[in-house]
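Residue numbers (my numbering), protein chains in the order written: chain G, 1 to 335; chain W, 1 to 335; chain C, 1 to 348; chain H, 1 to 348.
Since the hints were derived computationally from the structure, they do not count as laboratory data.
Using N, Cα and C, we set each Cβ at its ideal position, and we do this for glycine too.
One should not assume that every hint holds.
[To be verified] Only some residues are given here: those of chain H computed to face chain G with a beta carbon under 10 angstroms:
1) Asp36
2) Leu61
3) Ala65
4) Arg86
5) Leu92
6) Trp126
7) Gly127
8) Cys298
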Amino acid sequence: MSAPRPNDPTQPTADDLRRLYRSLRLIRRVEEEVARVYPTDKIKSPVHLSIGQEAVAVGVCDPLETRDYVSPTYRGHAAYLAKGGSVPAMIAELYGKATGCAAGKGGSMHLIAPEVNVMGASAVVGTTVPTGLGAAFAQKRLRTGAVVAVFLGDGATEEGAFYESLNFAALHRLPVLFVMENNGLAIHTGTEKRWATDRICERVETYGIPAQRFPTSDVIDIRAATIEAIAAMRDGGGPHFLECVTYRWREHVGPGYDYDQGYRDDSAYKEWQARDQVELIGGRLTDTDRDAIDAAIETEIAEAFAFAEDSPWPEPDRLYADLYADRDFTPVRGV
Amino acid sequence: MSAPRPNDPTQPTADDLRRLYRSLRLIRRVEEEVARVYPTDKIKSPVHLSIGQEAVAVGVCDPLETRDYVSPTYRGHAAYLAKGGSVPAMIAELYGKATGCAAGKGGSMHLIAPEVNVMGASAVVGTTVPTGLGAAFAQKRLRTGAVVAVFLGDGATEEGAFYESLNFAALHRLPVLFVMENNGLAIHTGTEKRWATDRICERVETYGIPAQRFPTSDVIDIRAATIEAIAAMRDGGGPHFLECVTYRWREHVGPGYDYDQGYRDDSAYKEWQARDQVELIGGRLTDTDRDAIDAAIETEIAEAFAFAEDSPWPEPDRLYADLYADRDFTPVRGV
Amino acid sequence: MTDTRTLTYVNALNEGMRQAMREDERVFLFGLDVDDHKAIQGSTKGLVEEFGAERVFTTPLSEDAMTGLAIGAAVSGMRPIHTHIRMDFLMLGMNQLVNMASKYHYMYGGAASVPMVVRSMIGKSWGQGAQHSQGLHALFMHIPGLKVVAPSNAHDAKGLMIAAVRDNNPVMFVEHRLLYPTEAFVEEAPFEVPFGKARVIREGGDVTLVGVSNMVNECLRAAELLQEEGIEATVLDPVSLIPLDYDRIARETDKTGNLIVVDNGWTCCGASAEILADLAERGTRAKMKRMGFAPTTCPTSPALEALFYPNPATIAQAAHEMLRPGKTYSPDPERAKLAYQVAFKGPF
Amino acid sequence: MTDTRTLTYVNALNEGMRQAMREDERVFLFGLDVDDHKAIQGSTKGLVEEFGAERVFTTPLSEDAMTGLAIGAAVSGMRPIHTHIRMDFLMLGMNQLVNMASKYHYMYGGAASVPMVVRSMIGKSWGQGAQHSQGLHALFMHIPGLKVVAPSNAHDAKGLMIAAVRDNNPVMFVEHRLLYPTEAFVEEAPFEVPFGKARVIREGGDVTLVGVSNMVNECLRAAELLQEEGIEATVLDPVSLIPLDYDRIARETDKTGNLIVVDNGWTCCGASAEILADLAERGTRAKMKRMGFAPTTCPTSPALEALFYPNPATIAQAAHEMLRPGKTYSPDPERAKLAYQVAFKGPF
Ligand SMILES: Cc1ncc(C[n+]2csc(CCOP(=O)(O)OP(=O)(O)O)c2C)c(N)n1
Ligand SMILES: Cc1ncc(C[n+]2csc(CCOP(=O)(O)OP(=O)(O)O)c2C)c(N)n1
Ligand SMILES: [Mg+2]
Ligand SMILES: [Mg+2]
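Isolated chain G (complex conformation) (with noise of 0.2 angstroms):
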């Protein structure tokens, strides 16, 4: 990062440090409560938790605003609820209610929030890619002004949708900004058995999209980045690209921790933990602060889970709704 400037929006202030921890914090305690109420069989889909790997979604959302989209991965609790999706809908989908951010049709692999431009997230990994190309291309063609956060994972650059998206994005200066949550693993395997190197941010650059690399995805520096890339794509600068290293404390999919496995042991996890961004943020903060925070965040996932439990089942004429879109059309002119 570049010595910082006064005025510097990309250096935080007391006021964002108390946003940034709140946000780092939510995700944390609301994955936490999910992985312990997970064992209950009262949360009806898989769960992909992102426990650890929360600065990279805090730093990218934190500076977007309401307009902006963000395009989520199956990993997108932490995407979701840093864009501002509700806790209680969040919750309820997980819990396969009516009240769910997707009537309880969705489950965690596929929160969406429309309210806050949060689109929809895939159980196939890498096609949220094209389509939050598509929502950029949209923002650019209206002219919204708005930008488009795709998170992706290491993996998902392996599929090849994602260098046609990076060509298109590049050709068409999309407001795109590509950020890649590094974690080093695609469920089980590490890159060694899947990338023939690592150089993905040199790769990316040969479309002429700026790229940087975080190698311990520090929650200040990543918003910092963002920041000055939202400044130049509402500039109609174009795509930007984010490799954010990070790593996934627990297991990939379910509550657990899974160190006895065999396929990692937990060295680099006690690195991470020692490092923890919801941490040390949490250290700048004022103790009363601090404490004020915790206690409305733990009020607020109280509060989630009761409307979760309360919040009826779909009625079974649900089971046939929401196939097709109706038919309302009014066309726009003067986009």
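Since chain G is already given, all that's left is putting chains W, C and H with the ligands on it; use the hints.
Just chains W, C and H with the ligands now, with coordinates in the frame of chain G:
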């Protein structure tokens, strides 16, 4: 190219030049004949001529041995012939005759010559990149020492499967030479509407794959690079990439010229004609040698067309033949 | 209301897209080569000139990501028309079509919708061969959440295009290359042809022929041949395949007691299978038969390609065999050729 | 010859692959995560240890190119088994499967063949949702040149696997996740279950139930419920879907005059449509019905998911309605649950 070494196999001998000329000239003349006959409606499938691009196929295929494979494109006459595919079987295939290399079921876009390891060509752009990759995998596993030359157009580099293939080839160090025939066009659309940048070689190198660019597709240069790549690959050296900039003299599909169609003028055509590799290599031969080769080629072509003319149509019952391969199975051990 | 203006199928497609784009600025048209001088065999001619390169543009060869782009643009406020010159190339976009487009509205509980049109063309003959000739509409019919339409004439080409663009769901728009030059009466003002309403093109009491896409024409020509034998055929055009007008097909089948479904595609798990299965479930007493591509890959040699497709003579023969089993009948090749002069222009 | 050894479906798959790999060194097994400790839910367990990383290996997430790799390796002398943990992911390999694998032998006039097996699993329940639960075998049945098998039990899982690996064509090998723990008698020596031969698993004179994949079990359980009502059902397992044993299905249908086809997939243009259409063309007089996934996307909420799939109670109800129309019948939920204890182990 580096300075010639004594006994440098990359520097052509007089024999080499005669062979290169024969191959260049054969392709040129076969395709000119195809173009001449086309309006008579005897040729029963759309043809994508390589006229002007022969040097790429010839430079690459000349140093290949029979055991080596070629994975061609639908613009594949040149690669098929350069690798030693039968002329009569090709012409008969274009005529839709039972004696065609695909028994009349494939046509111009689906040439194949298993006897010289020309794999089947495909009309869907990019599909023969991964199939060529598969042949390279087989060569490595079966320890044949053979290599695979995969041809692809500039348009094919836009398909995601190309990047997936590069990554896997490099990861598994497969003996595959990717040969990109960059004629700057996909049908009528230039790369400026399709490519964010032209930094393809640089991009390929990020996979750890050595990449070289040939701005005029000089046949001797391409041959020299191929010889070195083959040697490295037979030694377990993994994939290589050649970008051969070339020029399509005729229309995308069909026998004619299309400089009157408004999407390109003939200025570049004239430049490329001035350095036509058929003429340049021909010019390095004695008149006697050249005349003898030319005459032999004319006879070969005349015979091939006569063969195609005289060959029977497939019998009606062949419609149902060859949908499934037979059930013979003899296990193989010790591969 | 009958119109007296005739238009070719290709120009009707063009007019449909043009009017849809004029009507709503969210509509854009993209896909490989939509903006070159060949203009997808003329169907996109003049559109880049009228609407500019922002709304009419070609793409890199990247069908997978471009399909995703259409979906993403559609869910965030645009109305794309994605064009493919061959249906075969849709296989590269299958993941986005099957796993995203068809499911988006349902999977997110109605929170978003995907108003997009995917145009693609079935190729035929001239030795196009295995990978340039497939009619793969049945693959899309199988997946809930997609709509599938297959206009057989210029009138429907325009009316279905306008309806498809106005629809808030992904619509697979199946064209047939051989239909491009065919003419029909087409109103000049924008109009919609509704989905899910089959149309009787010809009435006859002896046998019901259901044709899909270009096979409507082959059926009409077969009906001419059959008439010479004293057999009267009803020819029915389903117009849209999803939704499918099962009831009308059942009614028209019950009237004659004999049904032949002729598809521009394979029969196994095809549109023709779907129609017969539905009728079977209804307990119809009619005789029923499917015709379509031969159950093989499409060969290039004209000697074999001719046998691959149903044609007026083979359709007429099948109907004859159904009505007068065991009686030999093979239409005079000259008369069968003449049948190719039959064409339906309307009124609709 | 009856065997007395029982094996689970997952272990039978494993044994089939293991024996096929021992028998022929050209066989290799690859696909995402085949070599990790979870070993595709155990089905590939121990194989990398026995055959080494050259013959058993994971891949990058690159389904399109990896499918092409399998094809290219197959045409040049190898015999790949390409494994996908979900059938839904095959949509990324559709271009290579539809445009290359299925056509390679025919399109090149028999000059090459493609001996490859593509394993994939239908997921079910636990809220897997829209993109992890599809049974898409009908898409492959539609394309000539592919074979499609769907073992319903451990015995067939092994025998079909060995036959598939020995086959010189691309074989889509459809597994079902819920079947993995189920047991059957399975011979230890390598054996083949032939393609194209349906099997009667249970005989009864009143109604014929054809079940695909796991739906064979649901049909067996439905048969138990029906028996309590005095209705005897034949349960038929097609074993392979392409080739399909049309004749046997027709024979067993004619015996009872009542047919219900229950598929692990959608019915529109599905395997069940194909079966009914064939019978309709034969002029069967039987009553016929299709059951399968609800004609919607698969929802995650258990409240809706339960309604999405056929189950013993709904199958039994459908049969009851067919045989005793208008008579109400709804199996006691407790008895319906008990039906889940029925399992077929053989003999085969
Ligand atoms: C196209 C596709 N192939 C395979 C899978 C199975 N799968 C689920 S998650 C996953 C790993 C993805 O890794 P990455 O993109 O790095 O994301 P992460 O789980 O690490 O966040 C795989 C292979 C899938 N869901 N989609
Ligand atoms: C997947 C796919 N998309 C589109 C097409 C239509 N098409 C045929 S050739 C071609 C251009 C290919 O360009 P390039 O790869 O550069 O090869 P060239 O024709 O220049 O040799 C296109 C777009 C196709 N055949 N396959
Ligand atoms: Mg990862
Ligand atoms: Mg080109």
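To see whether the hints hold, each was checked on the structure:
no., hint, result
1, Asp36, "holds (4 angstroms)"
2, Leu61, "holds (4 angstroms)"
3, Ala65, "holds (7 angstroms)"
4, Arg86, "holds (9 angstroms)"
5, Leu92, "holds (7 angstroms)"
6, Trp126, "holds (7 angstroms)"
7, Gly127, "holds (3 angstroms)"
8, Cys298, "holds (9 angstroms)"
Every hint, counting from the list given before, is met by this structure.
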